[in-house]
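Student: Sequence:
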Amino acid sequence: MGFNSEQIAYAGKAAIDYFLKNDPVDQVNTARPLIKKLMENKSEYAGGLQYVVEQLRKSNDGNFQAYFGDSQVSYNRKRSLEQAKFAWGSFHDGFGLNEDELTQNGIILTDDRNARPSDAEKVQLTNLLSENMETLKLGFQEGFDLMVHRDGTQDPLEIAGLDALVALDPTNTVGGIDASVETWWQNHVESGVTTVVTDMEKAWRECIRYGGNAPNFILAGETFIDAYRGELTDVIVRNVNAGQGNRSATNLDGGTGNGVSTGLYFKGVEIMWDPVFDELDTQDSPVTPWAKRCYFLNTNHLKLRPIKGHWMVSRKPPRVYDRYVHYWALTAKAAMCTNKRRAHAVLALA
Numbered sequence: 000m001g002f003n004s005e006q007i008a009y010a011g012k013a014a015i016d017y018f019l020k021n022d023p024v025d026q027v028n029t030a031r032p033l034i035k036k037l038m039e040n041k042s043e044y045a046g047g048l049q050y051v052v053e054q055l056r057k058s059n060d061g062n063f064q065a066y067f068g069d070s071q072v073s074y075n076r077k078r079s080l081e082q083a084k085f086a087w088g089s090f091h092d093g094f095g096l097n098e099d100e101l102t103q104n105g106i107i108l109t110d111d112r113n114a115r116p117s118d119a120e121k122v123q124l125t126n127l128l129s130e131n132m133e134t135l136k137l138g139f140q141e142g143f144d145l146m147v148h149r150d151g152t153q154d155p156l157e158i159a160g161l162d163a164l165v166a167l168d169p170t171n172t173v174g175g176i177d178a179s180v181e182t183w184w185q186n187h188v189e190s191g192v193t194t195v196v197t198d199m200e201k202a203w204r205e206c207i208r209y210g211g212n213a214p215n216f217i218l219a220g221e222t223f224i225d226a227y228r229g230e231l232t233d234v235i236v237r238n239v240n241a242g243q244g245n246r247s248a249t250n251l252d253g254g255t256g257n258g259v260s261t262g263l264y265f266k267g268v269e270i271m272w273d274p275v276f277d278e279l280d281t282q283d284s285p286v287t288p289w290a291k292r293c294y295f296l297n298t299n300h301l302k303l304r305p306i307k308g309h310w311m312v313s314r315k316p317p318r319v320y321d322r323y324v325h326y327w328a329l330t331a332k333a334a335m336c337t338n339k340r341r342a343h344a345v346l347a348l349a
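Note that numbering that gives the first Met the number 0 has the sequence shown beginning at 0, numbered continuously upward.
Please note that the accuracy of each hint is not assured.
The list that follows gives simulated cross-link-like pairs (lysine to aspartate or glutamate, EDC-like), each with its CA atoms no further than 20 Å apart [as the list claims (entries may be wrong)]:
{"hint": "1", "residue 1": "266", "residue 2": "181"}
{"hint": "2", "residue 1": "201", "residue 2": "168"}
{"hint": "3", "residue 1": "307", "residue 2": "16"}
{"hint": "4", "residue 1": "266", "residue 2": "205"}
{"hint": "5", "residue 1": "84", "residue 2": "181"}
{"hint": "6", "residue 1": "307", "residue 2": "53"}
{"hint": "7", "residue 1": "84", "residue 2": "157"}
{"hint": "8", "residue 1": "315", "residue 2": "177"}
{"hint": "9", "residue 1": "332", "residue 2": "150"}
{"hint": "10", "residue 1": "41", "residue 2": "157"}
{"hint": "11", "residue 1": "84", "residue 2": "141"}
{"hint": "12", "residue 1": "84", "residue 2": "53"}
{"hint": "13", "residue 1": "315", "residue 2": "98"}
{"hint": "14", "residue 1": "35", "residue 2": "141"}
{"hint": "15", "residue 1": "36", "residue 2": "150"}
{"hint": "16", "residue 1": "35", "residue 2": "221"}
{"hint": "17", "residue 1": "35", "residue 2": "150"}
{"hint": "18", "residue 1": "36", "residue 2": "181"}
{"hint": "19", "residue 1": "41", "residue 2": "141"}
Label pairs and their in silico Cβ distance ranges [said to hold, decoys possible]:
{"hint": "20", "residue 1": "277", "residue 2": "183", "range": "31 to 41 Å"}
{"hint": "21", "residue 1": "209", "residue 2": "324", "range": "50 to 60 Å"}
{"hint": "22", "residue 1": "190", "residue 2": "30", "range": "20 to 30 Å"}
{"hint": "23", "residue 1": "207", "residue 2": "324", "range": "49 to 59 Å"}
{"hint": "24", "residue 1": "130", "residue 2": "56", "range": "49 to 59 Å"}
{"hint": "25", "residue 1": "204", "residue 2": "58", "range": "17 to 27 Å"}
Hint data in this document are derived by calculation from the structure and do not stem from the laboratory.
Remember, predicted model here, so these are calculated numbers, not experimental data.
Ideal placement from N, C-alpha and C gives every residue a C-beta, glycine not left out.
Hey, can you work out the whole structure from these sequences and the hints?
Tutor: Written out as structure tokens, the structure is:
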């Protein structure tokens, strides 16, 4: 009776693969809107040394001239391209089960290659692995999501995220390009915001003026959302929902939205509340609280770039000779990139 080591290893590996296939990491909890959007639009990269490379057009490098008759004209050599190089990182989450834990759960582990587990042992192992696999998936999401919000300075092995690519100080170096020198590589910033709608209008125009496209994803903290809602009080009051299709309803609903969908819009784009902003404020205590921020993003120019063949790979490391422990893990390799910083903006309340 019982399981042998090979059977335990196979069962764990099969459980990880099942969770990835049938409850995949891509279908993340709606309380994590940034990573959900990034995963929906992720774009694989074939790999190359330590960088994901984005080709950029920094100017048209035009040579426009007026001439008349036999006036002499000149020609130039186009120097319109630049490269941004984003370092990709490797990420891991895993767990182990030792033989005593298995025994405590009614699972016998033996070296008998012909072992046949009982039905009760199969049920116990399934329950144990299900809990561990579910928390493995959720734990990976949690750590990865925090990372893609931050600027990358928290750990030299982690990649730069939103706080670097769409920075409150846009003169920073991103993708190896010093934006304090190359001003065309700066995202737009509105800080000290007191007139929310007016400043949002200004930021929107700047994204279009220099980014060429309107933002298609707006992410904000709860303090900013409340400030925006406050400026729209009259509009919201006129649109009070008197019941879902029930004209005789007596319960008035002054709230809008559902979950992280606020039901508030700007230029037709819904403002998404990101609860992770509050977690970042608690953990990092930034000078400018995340709760006071709003990001105008264009997801055509902001991408999660997994390295091909290295995204959400299930792992089964061998048991080491001096540990009676079995291990399972998930690994991934990816970078977060932008190819047009001017397409994005960040606003922060005073």
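Student: Against the earlier hints, flag every one the structure doesn't satisfy and list their numbers going up.
Tutor: Per hint list: 1, 8, 11 and 18 violated.
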